[in-house]
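Okay, here's what each chain looks like letter by letter:
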Amino acid sequence: MEKGFLSIVLHAHLPFIRHPEHEYFLEEAWLYEAITETYIPLIHMFEGLERDCVPWRLTMSLTPSLMSMLQDELLQDRYLRHLDKMIELSNKEIDRTRFQPEFHETALHYYWEFTRAKDTFLNRYYRDLTQAFRKFQDHGHLEIITCAATHGFLPLISRNEGTVRGQIKTATELYEKVLGRRPIGIWLPECGYYPGVDKYLKEQGIRYFLTDTHGILHASPRPKYGVFAPIFCPSGVAAFGRDVESSKQVWSSIEGYPGDPDYREFYRDIGFELDFDYIRPYISPDGLRVNTGIKYHRITGSTDAKQPYVRGWAMQKAANHAANFMFNREKQAEYLYDFMGRKPLIVAPYDAELYGHWWYEGPEFLNFFIRKTAFDQKTFRLIAPSDYFKEYPVNQVSTPCFSSWGWKGYSETWLSGANDWIYRHLHKASLRMSEMAQKFRGQNGAVGRALKQAARELFLAQSSDWAFIMHTGTVVPYAVKRTKEHLLNFTRIYEELMNNRLDEGWLKELERKDNIFPDVDHDVF
Amino acid sequence: MALSPRKKTKEVSKEPLKKAQGNTSVRKTAAKPVASTLKRVPVKRSAPVLAKKQSLPPVPEAWVMPPQAEARTYQEMPRELPDNYGDNQIYLLVRDPYWIYAYWEIQESHQRHHLEKLGGSWESVVSVLRVYDVTEEGKTPSFSDIVLQDMVRCWYINTQPNRSYFVEIGLLHRDGRFVCLARSNHVTTPRSGMSEIIDDQWMSIDFDKMYALSGGFQVGKSSAELRKLMEERFKNAITSGSGAGAVSSLSSPIRIKQRGFHFWLECELIIYGGTEPNAKVTMQGRPVQLRPDGTFTLRYGLPDGKFIFDCHAVSSDGVEERVITPIVSRNTERPAPVIKAGKHP
Chain V
1 MEKGFLSIVL HAHLPFIRHP EHEYFLEEAW LYEAITETYI PLIHMFEGLE RDCVPWRLTM
61 SLTPSLMSML QDELLQDRYL RHLDKMIELS NKEIDRTRFQ PEFHETALHY YWEFTRAKDT
121 FLNRYYRDLT QAFRKFQDHG HLEIITCAAT HGFLPLISRN EGTVRGQIKT ATELYEKVLG
181 RRPIGIWLPE CGYYPGVDKY LKEQGIRYFL TDTHGILHAS PRPKYGVFAP IFCPSGVAAF
241 GRDVESSKQV WSSIEGYPGD PDYREFYRDI GFELDFDYIR PYISPDGLRV NTGIKYHRIT
301 GSTDAKQPYV RGWAMQKAAN HAANFMFNRE KQAEYLYDFM GRKPLIVAPY DAELYGHWWY
361 EGPEFLNFFI RKTAFDQKTF RLIAPSDYFK EYPVNQVSTP CFSSWGWKGY SETWLSGAND
421 WIYRHLHKAS LRMSEMAQKF RGQNGAVGRA LKQAARELFL AQSSDWAFIM HTGTVVPYAV
481 KRTKEHLLNF TRIYEELMNN RLDEGWLKEL ERKDNIFPDV DHDVF
Chain Y
526 MALSPRKKTK EVSKEPLKKA QGNTSVRKTA AKPVASTLKR VPVKRSAPVL AKKQSLPPVP
586 EAWVMPPQAE ARTYQEMPRE LPDNYGDNQI YLLVRDPYWI YAYWEIQESH QRHHLEKLGG
646 SWESVVSVLR VYDVTEEGKT PSFSDIVLQD MVRCWYINTQ PNRSYFVEIG LLHRDGRFVC
706 LARSNHVTTP RSGMSEIIDD QWMSIDFDKM YALSGGFQVG KSSAELRKLM EERFKNAITS
766 GSGAGAVSSL SSPIRIKQRG FHFWLECELI IYGGTEPNAK VTMQGRPVQL RPDGTFTLRY
826 GLPDGKFIFD CHAVSSDGVE ERVITPIVSR NTERPAPVIK AGKHP
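Chains as they are written, first to last, in this note's numbering: chain V, 1 to 525; chain Y, 526 to 870.
Incorrect hints may have been included.
Computed list of lysine-lysine pairs in DSSO-like fashion (alpha-carbon distance at most 27 Å, straight line) [unchecked claim]:
#, chain 1, residue 1, chain 2, residue 2
1, V, LYS248, V, LYS202
2, V, LYS513, V, LYS177
3, Y, LYS734, V, LYS3
4, V, LYS408, Y, LYS805
5, V, LYS118, V, LYS177
6, V, LYS331, Y, LYS831
7, V, LYS92, Y, LYS734
8, V, LYS169, V, LYS3
9, V, LYS343, Y, LYS734
10, V, LYS202, V, LYS169
11, V, LYS439, V, LYS452
12, V, LYS343, V, LYS317
13, V, LYS177, V, LYS481
14, V, LYS439, V, LYS408
15, V, LYS248, Y, LYS831
16, V, LYS331, V, LYS390
17, V, LYS92, Y, LYS805
Simulated from the structure, these hints should not be mistaken for laboratory data.
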């Protein structure tokens, strides 16, 4: 019998970026890179586990904005176009590296990966990867949880009830439409929890959420088992806390696995390195050099003289790291079991895009780890958070502490001198949304459509990603533009509706452009 | 001093980010006994002028992007957001156990109306944030005043963990009378440590040890660490050049970079030719794709060494074969860098 449980939770999220008005749009590539480097490799791993009859259990959040993009036809077409270019480039690379054996094998590897990705995307899941994830959930291996509709950081946008209820309800409705069941758990955006938010989760039948470590540790009354058992909020919704030790091994910039010298170096991309005329068709059409995803070097160490990447060495390292990670979890579970007198649950949440996109060998690490865990040890078992209640239905009642997994653990990332100006506008818009929804309740036709579009614009403006980008200082103008644009669109709808002079042509244009959540229910406000 | 944005002065430094200086300076303001400052605070009486547009937060210096990229993603700059919604309100948001954030909007007319109650003279009043601590229910809340500088529209207020607050913004007369212009919502700051409340049903042998085992002493550190690192490196990648620009292959392992100056060079070889469009061409035994006019181009990365390019063309009927074999060798010399005397800083 095992002495403990481990839940690995991968949070898959990208902000809604879709620009039909531009033939090429740089930021859309975030989705394409994540599909090729993270989502498809994970799907391949899941398929391999099923093929080999490996018992496994993993939890993933697929945010509503990501699901919407994965199901969007325009983005699907553009992803294929992108992938075809990558196949073309990697094919050229096979020839170009003919006399450089140290790069040639890696070039072959990319060609193989891209062509395989295309086959998976096009021929096996007919462009809709959400259905791949759905399959693994239906088979009982993957637990998919939801997230707020557009990843709004709830502690800072909860000025009125309708906003939070709208973010949660819209999310669960999309989940049900895409995955054919109701979500049992939720990843609160940025793990942002404030006491009381659980009420809205409960309304939608959500049974648990994840918080950062101190959300549980600083809960009141004191949690008897620390982060190693969930607590029930007074509302009855359970909260699971992040384990520090296991996430540090992966996350830490110093001790973490992803920094190993044999792993692939992220910042040496041929998009920046090769002759301009040669690479030109594969970078931004205006000539701006961008990442292509083809990289030939390994991290090597803290030197600029990066050595060639050797796939075999990297795989060996991934296997070693998986073994090390397993060993440490065994020791941790054993120790905690003795100390607690009850099986501990270790919750290890990560950004999904860490695996594959940032840490290229991440999916292989997970693959090794899951297989080893299944066959090489008996100390702990992989479970999804919801499985825990079958073993321990009775848990302590306690109110978690306001917290997030952002820098310093609270709201600072999303509320600082760089982005605090947005809240007066976001709040005003959400108050106006409620005002409109109540005034025009029950109306269909153009007014109903305008209300739905207003809700979409409000949600899109509320994405925590914009505030995050403003805070970190990368691509700031884009984040500012998106925030303002959605707020201005919202305001125009508000003014037109209130003054009874709706411009339907414009509304139609907007519906085509910001087409997320076609069935959004504005009565929630 | 009025609160509505009459003229835009430079944004007051209100961000307590840099702990060392921020803590002391802002806290000082908050703790300043109001009575003693009253006489010295000069009150401005400028006539109301139209509000200028709210300026955007400054872009950090580290952020540099090629101008063409900016122009592309940033073509149609939307209209600006309104500076003023015509409300009289103040709202609080929780940032962390030690700081809450207040933003407000007060109309000129609203202010004047209330000023009348205090005698109507700007010279005898100051604008203050009155911060009430309402942690203990049923008790009369204690408060402290923060005198507001010029044109601020928001403020970070220093707090204590696990306490409840609300704020009034108002005018304070030098004789001590106060009129409230708007009252905020109530907020409670997060705890910064373990709860003092223990549930008898869920007693632990050793709460402190459980806390330590759970990583309680590393709150807010590890999860963000790698993300932060990634972001910083990501920034470098986007700005191009600095982090990613240089190729160093096996043949050139040494790069000299003491003075922030760098130079790199790579060789590629282009071989091109032409034959009948239906002929079959191979290079080193590998088929070569011909263009419709029978020409072709091959491109190879060329390291140091000697390379034999064995190229065959066979006519479509298979009768005739031609062979051309260029032999190419590359040998790179790298003399030591020259630092010119006298110009060295």
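27 Å limit on alpha-carbon distance, applied to hinted pair LYS92 (chain V) and LYS734 (chain Y): Given pair LYS92 (chain V), LYS734 (chain Y) is violated - Cα atoms ~59 Å apart, limit 27 Å.
Given hint LYS805 (chain Y) paired with LYS92 (chain V) - CA-CA distance at most 27 Å: This hinted pair holds, its Cα atoms lying about 19 Å apart.
Restraint check for LYS513 (chain V) with LYS177 (chain V), where alpha carbons must lie at most 27 Å apart: holds (21 Å)
Holds or violated: LYS331 (chain V) to LYS390 (chain V), with C-alpha atoms at most 27 Å apart: holds (24 Å)
Distance restraint between LYS734 (chain Y) and LYS3 (chain V), which requires alpha-carbon spacing of 27 Å or less: holds (20 Å)
Hinted pair LYS169 (chain V) and LYS3 (chain V), Cα distance within 27 Å: violated (37 Å)
Pair hint LYS118 (chain V) and LYS177 (chain V), alpha-carbon separation not exceeding 27 Å: holds (26 Å)
27 Å Cα cutoff - pair LYS343 (chain V), LYS317 (chain V): violated (31 Å)
Restraint check for LYS177 (chain V) with LYS481 (chain V), where alpha carbons must lie at most 27 Å apart: Given pair LYS177 (chain V), LYS481 (chain V) is violated - Cα atoms ~31 Å apart, limit 27 Å.
Restraint check for LYS248 (chain V) with LYS831 (chain Y), where alpha carbons must lie at most 27 Å apart: violated (49 Å)
Distance restraint between LYS202 (chain V) and LYS169 (chain V), which requires alpha-carbon spacing of 27 Å or less: Holds, at roughly 11 Å.
Pair hint LYS343 (chain V) and LYS734 (chain Y), alpha-carbon separation not exceeding 27 Å: holds (17 Å)
Hint violations for this structure: numbers 1, 4, 6, 7, 8, 12, 13, 14 and 15, all remaining hints satisfied.
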